[in-house]
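Following the hints, complete the assembly by docking chains B and C onto the known chain A.
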Amino acid sequence: MRREIPLLITGIVGVVFVIQYFIPHWPFNRMNAWFSDWFSIVQACAIWLGALNLIKISIQKIAKKKKDWIYSVVILVFFLLITILGFAEGEEFREPGTGFTWLYEFVYTPLSSTMFAILAFFVASASYRAFRARNLEATLLLAAAFFVMLGRVPIGDVISGFMPQGAQLSNLATWIMTFPQTAGQRAIMIGIALGIVSTSLRIILGIERSHLGGGD
Amino acid sequence: MYPIWFQKRPLFTVLSALTIFLLFFSVSAFAQDNSQIDTTIAVDTTLAEIRIVPPSSVEVSDVGNDAGGSIDIHWQLSPEDQNGGPVISYSVLRAESVDGTLGDFTEIGSVPAGASTYADGNTVDGLKYVYKVAATAASGAVFESGDSIPVSSSAQWFDMRRINVFVGVLLVAGFIVYYIRQAKAGKELFIRKIAGLDAVDEAVGRATEMGKKIFYVPGTQDMDNVQTIAGVTILGRVAEMAAQYETWLEVPVSRSLVLVTAKEMVKEAYSKAGRPDAYHEDQVHYLTDDQFGYAAGVDGMVVREKPATIFYMGAFYAESLILAETGNSIGAIQIAGTGMPSQLPFFVAACDYTLIGEELFAASAYLSREPKQLGSLKGQDMGKAVILIALIVGLLLETFGIWNFSTLFSVIE
Amino acid sequence: MNARMKEILVVAVLTVFCAIMYWGKVDGWMTGFQFSFGLSMTVVILIAVSLLVILYLTLRGKLIGRRVVFLYVGISVTLPFFMSLSQEIKISPEVQTLYEGIAELPPGSVVLTAFDYDPPSAPELQPMAESFFRYCFNNDLKVVVIGLWPQGPQQANIAIEKILLDEAIAAKNLQYGIDYVNLGFQTGNEFVIQRMGSDFKSMFPTDYTGTPYNDLPLVRNIKNFSNIDYGFNLSAGYPGTVEWVQVAVDRYGLKMGAGNTAVQAPQCYPYIRSGQLVGILGGMNGAAEFELMTGTVGKGTKFMLSQSFAHMIVIAFIIIGNVAYFRGGRKQKL
Chain A
1 MRREIPLLIT GIVGVVFVIQ YFIPHWPFNR MNAWFSDWFS IVQACAIWLG ALNLIKISIQ
61 KIAKKKKDWI YSVVILVFFL LITILGFAEG EEFREPGTGF TWLYEFVYTP LSSTMFAILA
121 FFVASASYRA FRARNLEATL LLAAAFFVML GRVPIGDVIS GFMPQGAQLS NLATWIMTFP
181 QTAGQRAIMI GIALGIVSTS LRIILGIERS HLGGGD
Chain B
1001 MYPIWFQKRP LFTVLSALTI FLLFFSVSAF AQDNSQIDTT IAVDTTLAEI RIVPPSSVEV
1061 SDVGNDAGGS IDIHWQLSPE DQNGGPVISY SVLRAESVDG TLGDFTEIGS VPAGASTYAD
1121 GNTVDGLKYV YKVAATAASG AVFESGDSIP VSSSAQWFDM RRINVFVGVL LVAGFIVYYI
1181 RQAKAGKELF IRKIAGLDAV DEAVGRATEM GKKIFYVPGT QDMDNVQTIA GVTILGRVAE
1241 MAAQYETWLE VPVSRSLVLV TAKEMVKEAY SKAGRPDAYH EDQVHYLTDD QFGYAAGVDG
1301 MVVREKPATI FYMGAFYAES LILAETGNSI GAIQIAGTGM PSQLPFFVAA CDYTLIGEEL
1361 FAASAYLSRE PKQLGSLKGQ DMGKAVILIA LIVGLLLETF GIWNFSTLFS VIE
Chain C
2001 MNARMKEILV VAVLTVFCAI MYWGKVDGWM TGFQFSFGLS MTVVILIAVS LLVILYLTLR
2061 GKLIGRRVVF LYVGISVTLP FFMSLSQEIK ISPEVQTLYE GIAELPPGSV VLTAFDYDPP
2121 SAPELQPMAE SFFRYCFNND LKVVVIGLWP QGPQQANIAI EKILLDEAIA AKNLQYGIDY
2181 VNLGFQTGNE FVIQRMGSDF KSMFPTDYTG TPYNDLPLVR NIKNFSNIDY GFNLSAGYPG
2241 TVEWVQVAVD RYGLKMGAGN TAVQAPQCYP YIRSGQLVGI LGGMNGAAEF ELMTGTVGKG
2301 TKFMLSQSFA HMIVIAFIII GNVAYFRGGR KQKL
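So the sequence lines, in the order shown, correspond to chains A, B and C.
Residues in the first sequence are numbered from 1 upward in steps of one, following this note's numbering.
Residues in the second sequence are numbered from 1001 upward in steps of one, following this note's numbering.
Residues in the third sequence are numbered from 2001 upward in steps of one, following this note's numbering.
For the record, the hints were derived by calculation from the structure and aren't laboratory data.
Just so we're clear, the structure is a prediction, and the values are computed from it rather than from any experiment.
For every residue, glycine included, the Cβ atom is placed at its ideal position computed from N, Cα and C.
Treat each hint with caution, since some may be false.
Label-pair ranges, simulated between beta-carbon atoms [said to hold, decoys possible]:
#: 1; chain 1: A; residue 1: G86; chain 2: B; residue 2: E1059; range: 40 to 48 Å
#: 2; chain 1: B; residue 1: F1166; chain 2: C; residue 2: Q2087; range: 33 to 41 Å
#: 3; chain 1: B; residue 1: I1392; chain 2: C; residue 2: N2139; range: 41 to 49 Å
List time: in silico BS3-like cross-link candidates among lysine-lysine, alpha-carbon distance up to 27 Å [unchecked claim]:
#: 4; chain 1: A; residue 1: K67; chain 2: B; residue 2: K1306
#: 5; chain 1: B; residue 1: K1132; chain 2: C; residue 2: K2223
#: 6; chain 1: C; residue 1: K2062; chain 2: C; residue 2: K2025
#: 7; chain 1: B; residue 1: K1384; chain 2: B; residue 2: K1187
#: 8; chain 1: A; residue 1: K67; chain 2: B; residue 2: K1212
#: 9; chain 1: C; residue 1: K2223; chain 2: C; residue 2: K2090
#: 10; chain 1: A; residue 1: K61; chain 2: B; residue 2: K1267
#: 11; chain 1: C; residue 1: K2223; chain 2: C; residue 2: K2255
#: 12; chain 1: A; residue 1: K64; chain 2: B; residue 2: K1306
#: 13; chain 1: C; residue 1: K2302; chain 2: C; residue 2: K2162
#: 14; chain 1: A; residue 1: K56; chain 2: B; residue 2: K1212
#: 15; chain 1: A; residue 1: K67; chain 2: C; residue 2: K2006
#: 16; chain 1: B; residue 1: K1384; chain 2: B; residue 2: K1184
#: 17; chain 1: B; residue 1: K1272; chain 2: B; residue 2: K1193
A few chain C residues facing chain B, derived, Cβ under 8 Å [said to hold, decoys possible]:
#: 18; residue: A2103
#: 19; residue: G2197
#: 20; residue: S2198
#: 21; residue: S2226
#: 22; residue: D2250
#: 23; residue: V2263
#: 24; residue: Q2267
Just chain A, with the same shape it has in the complex (with noise of 0.2 Å):
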């Protein structure tokens, strides 16, 4: 049962979402709503889940002082201040000027922007080191690298100015995007959706169960 049940749920969810999607008809133009509110519902309350595992782990590595226990401190400190600055604050908990916002502003934003500022320095290094003309295909790669890094800014069309107006770096850089760009991306993209669709087939009717615990 513990496997049946979940493989039933899957099943008659997963139809059930196939037939909504060309049977406008009451009741299935509803059950879609049903079942998406019964996912937002479980999603919400599993949060707890995730954040009791969190608060466990933290307090456990500091009981034991195991390696780099200072950082669980810092995450307990953290975690219980946000928590409760926001439920003190009641509803407005969001307007400005309140604890919460203050932190949310001066805190979690600066530091969420160092985390995602540092790609560009990663995209450099990386670029650096792996970008290599190591065969044709890589070389044609590097050359519309070159071609649209230096065409997406304004300085592309500074050094090329004296070049007619369809071989300047900014319209080849709208060409790439536009033409072999996009003609790769969309070959991507009908195999991974033809994998999705698969994928999912194979977990509607229960052949894939692998993720519900252990394989066949």
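Using the frame of chain A, we list chains B and C on its own:
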């Protein structure tokens, strides 16, 4: 000589006369004022009476392929409806018609001049409605069209616009089911080599030799994403090997539901490998739902603990390179797999092996070699073949100016 | 001095520097400074010369480490903030079509703006949000905001608050509830879009402050996408433009444009060719172009110089890396 009442009260008489005169005067003055107002109105009326020809041919129809509750109204614009003309808007009026008796018309909405359609999305299915459209002039005067024929809304049992999608779904599903049956019947199915998956053994072995940890990142999306399911499925296989080699496998996750699933998966894998005792509850643990908070957390762990092997299997966004480049900097062997086209270049640049798109979905079949799963892969390939043929045919037809073929695949209204 | 100590030292120096700058700002003596044109050019030339030195070293077989690359990226992003150099921005076709899509909307049209991003992507997407709102408010378009990311509606509020301070817009005395509405966040990803296809109110029974849907004059008569004249999605990932296209555009026929982070944008290009998206603003570049089209100079335009420099630096290091590769018998690992 003067009348007797004048002789008796001369002052009173004069004052009375004056009052009466003033009264008359003011009344006549007011009367004059009124006539002035009247004239202005009269002028206005003449303006308005430059009659606007009302909108005509009000056609109504039930909106097709929907769940009911809406009716489309279409009309011919008033001939005076031109840029800068007297028409400023059209109001749509509706009345219920019960057994042929028409109720009162009420306005249900209005559209600016130039518009000739309105969608009434607030009808009761089965109930008959009659519509008319009124052109509103700048002066405020309205000119109504004739009544439409009665119409009622209804829900449909099949959305005919999606018949092409339906055929596509049947075709692909048919292929998959057919090849699964073939595979079950014992037919040998070929699957090409996927380097990234063959390298899984080597990667786990390397961690064992070095006595270091293996990290497994199952993407940053929830269980409703098929890529996460594929990632968690491969996790089962990796966990089994880690259990056999007695190497510590650590799985930081960013979603609660993934936490539950991954825990179950790893636990089962350890039992299957005959090492249930080696499984620890905190091997799979939650960090945060926040995208960059998670990236920061995993990066920190990678830098501090320096695992020998890192797997990234699932759906990733901008954190992909932040994770992979950090892993690269500590010299870990990295295998990635994702169906996010925009993140693939990053993984290719920073990882040793990358499963591109479908390869991730094929991993479960590839690793298990189970006939049913291999069959579904074959079916999927046939679907791809059909799309490829359609693409080539479409390309040729469009090149020669025959446009109708591509409309067969259109689902946009 | 070990590596850890060095790191701590660098952080300490930077913290002190920032504290002094902040104090200067509060105290009024630090009002921002700008390099003259001559100094700007000198800095550019110095950077170029140092890159040539690195190239020479690489040719001699001395490879530079990743930290040097990081240093150059840092310099190329920050120094242009102070430079007095200008560059001409060119409009790309996908921005042009997006602009034309909103330019043809008559005053009073209802625009749905979906904010599907959080603070990390704000540097790229916030300038788009600001110029989009500025355009809408200046042209009397009605704006309805929703968010599929929890932090999205908050980002929208930040943008609106800023735009309402513009003189021309402040003069219009726009009213919340009549001219614009923020319906807030709703969990459920693409299911929310799907439900909105039949009924907005069921997904957003109140706005973000808790005012009931029916008490908001602007949205009271909006039932579903058929009452929306234009959709604009600002997206940094999932759920985002792909989901809006798949559900709101494909299933409900919404006319839609999008603003994406530069990383996400290539994924959405196929939707422009197929007509599913009217146009797209891709990254900082798209933001700058849109600002140019709407006649404003915002952060997008200002930061383009940094973007230009950063691209040049990355290209320079790709060239240096390839030189190292060919010089080292194609085997050298960096």
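Report task. Just pull the numbers of the violated hints for me, sorted ascending. Result -> 1, 2, 6, 9, 18, 19
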